[in-house]
Amino acid sequence: MKRSWIIAPAVVAAAMLGVATSSVAAERTVKIAGFGAKSGVVRSFGVNTEAVMRAAADHINKGGGVKLGDGATGKIEVTFDDDRCNAEEGISVLRRIAGTDAVVAVGPTCSNVAEPLFGILQKKVGDAGDSGVQMPIFTDTAIKGGLAKISDWAFRNVPNESEMYQKLFAWIKAEHGELKTVYGGVEEDFAHSRFTWHKVMKVRAPEAGFEVVGESKWLLNDTNFATQVREMKKAKADIVAISAHPFTTCGVLKEMQRQRVKPKLLVGLTSSSSLETLQGCAKQAEGIIIPTSFAPVTPAAKVAADLSAEKGGSADLHSAAAWEIMMVLKGVIETSGVTAKPDTVQDDRRKIRDGLAALKETEGLLGTIQRTAEGEAIKPYVYVHAKGGSWAVLHDPGS
Amino acid sequence: MDFLLGLTQLIGVHTILGLSAYVVLLTGQVTIAQAGFFGIGAYIAAMLTTLAGWHIVPAMLVGASVAGVVACIVGFPALRVKGLMLVVATTAFGEFVRLFWFNFDYQIAKGEIMVGPEGGEGFKQIRYFPENGWTTGDVALFIWVILIAIMLALWWMDRSRAGAVLRAVGEDELAAQSVGINLTATKVTAFAVGGFIAGIGGGIYAHYTTHIEHANFSVLLATFAIAYPILGGLTNVTGTLFAVVFIQGILVEGLRFMGDWRNLLFGALIVVAMNVRPRGLIDERVVMIVGRAFSTRKGRADA
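Here the protein sequences come in this chain order: A and B. Mapping to the numbering used here: the first sequence position 255 is 721, numbers consecutive. Mapping to the numbering used here: the second sequence position 7 is -1, numbers consecutive.
Some hints could be false.
To be verified - Straight-line alpha carbon distances no greater than 27 Å define the calculated DSSO-like cross-link-like pairs of lysine-lysine that follow:
1. B:K74 - A:K665
2. B:K102 - A:K615
3. A:K730 - A:K700
No lab work stands behind these hints: they were computed from the structure. Predicted model, so just to flag it, every value in this text is computed and none were measured.
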């Protein structure tokens, strides 16, 4: 009798433990590793991306998580590492991620990190002679043109600047026929801004019928822009196009105000359509026109922006791309049979890569995003302008 | 495992860079030119493997030789000045080299893409290692074989007459000159050897990162180059290795989990290390203790 009193509770406890264990086994963790710059001049990009990724993961988990290939349910877990916008650190971070059970990586912030990172990946999937890292990377921020073609394992969800500025300059020409000349200002030592001026704006503006009458160059860490703005003043251009990130964009705009340089129109870099620009120089930036792939103009975009703000981040064209990436990954994980077990990590990575490569279009916050065979995105976009201390939609080319 | 092997690659390359400055520091000269020589080695070796299809070893040796020759040519006028003036002169040289690569454009078509240096856009697709099936372990082994060879060569030099001459110049130029040592020849030789070693490091760096650009070879890298041997100590070649492990292994990688706090601690811990061990992590006392330990063990074995 005494023995049965001991055995009965033990059996019940064991049964309860078994039920608990099986429910734990049925609900797994799907690890997504984010990384980017959380230090230095471009710190805000990484901070925002991390907040948006965590907000998106919570949103997915509250909605029931992801359905895995064997019928189990998975909860998304996000980690985030700082690469300090440094190529060597980015490589180290990726190798560290590849050594964990993360099934996909999201990042990096900087194009000068993305280029070497994509370079150490296996170039052609399945090439046994190529010892490159086999890890799918989905990039939200590094925007320099044409990087995803470096590797079959690299994918990006960044806007196509070439098309955006082509359409923007054509629209400006149609709306303001009296404007004839463009003067460029470029942050010369940053891969993205340099690329956008020399390979995009400087090419697209003459195609639309504008004459480029000069250019001024400065560096990411510069704090004095007097000489550059003096050159700008001499050129007396109708339009000043600034291809620079928020920090130096604000520096130049303030110097323009000081030297009373007042072009008829200002055009900015996509990356500057962010909160940082308004926090730094809302008054001087008033009226600047920027094409962007994010604005909280749809219900989905508003939800993403609100939830990201709750996590301490700001949804802008770069970080909002991370939200879209998380939603795309949820779909790919569910359709490609990912099981998220410790012994299937490499298989899961391959399934996610193949799933991403097979996508022709995805649903974004502003509408449908086309996916190219090279792993790039063609995203819908709008033109915003700074108005009364906030970004307002000026024109929607898709409407 | 792959991460740790990757980290050993990084530590190996940075130690080679630090050793290139170590040779020059032995003569009492502070140089900010090492990033420039590192960049020359990187670009030339990368062009030879990527554009000309060379094997990495001869490509690296050519890159390093060019860096050594440039160091020799630059060394003659630069070493006529010393102290802060030399720092300014070598900084100017480093910036000259960086801006040269910033403006250097030479690309050829390779399949569907153009490869080669593209000015400010950088030089991508330097994929010798993965394209030839080198695993992370193979690359780490390759780097460490070269590093150990350089360390052994410098250790041997340190114990030879050449090392004594370098240290004599570093300790007291006037005294060294009074015993017949040719100061210019000694300093320029050290500069050229340092340039050659930096060139080797640059050649490896270009291939393990697969992408290089002018910004990689800035004053910041040159500062790290001299910080490694100064923090590690100039008594012994191993000091530089310990300093690189301390900075890259512990401060940069080991503290990554601390997020934003890592950057605050980075500077603070270096200041603490320099205060606790002002003569370097591996100073004369450590060398003496280790030396005694070895001689005691050897004595016991002989008995």
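Against the structure, the hints come out as follows:
no., hint, verdict
1, B:K74 - A:K665, "44 Å, violated"
2, B:K102 - A:K615, "14 Å, holds"
3, A:K730 - A:K700, "15 Å, holds"
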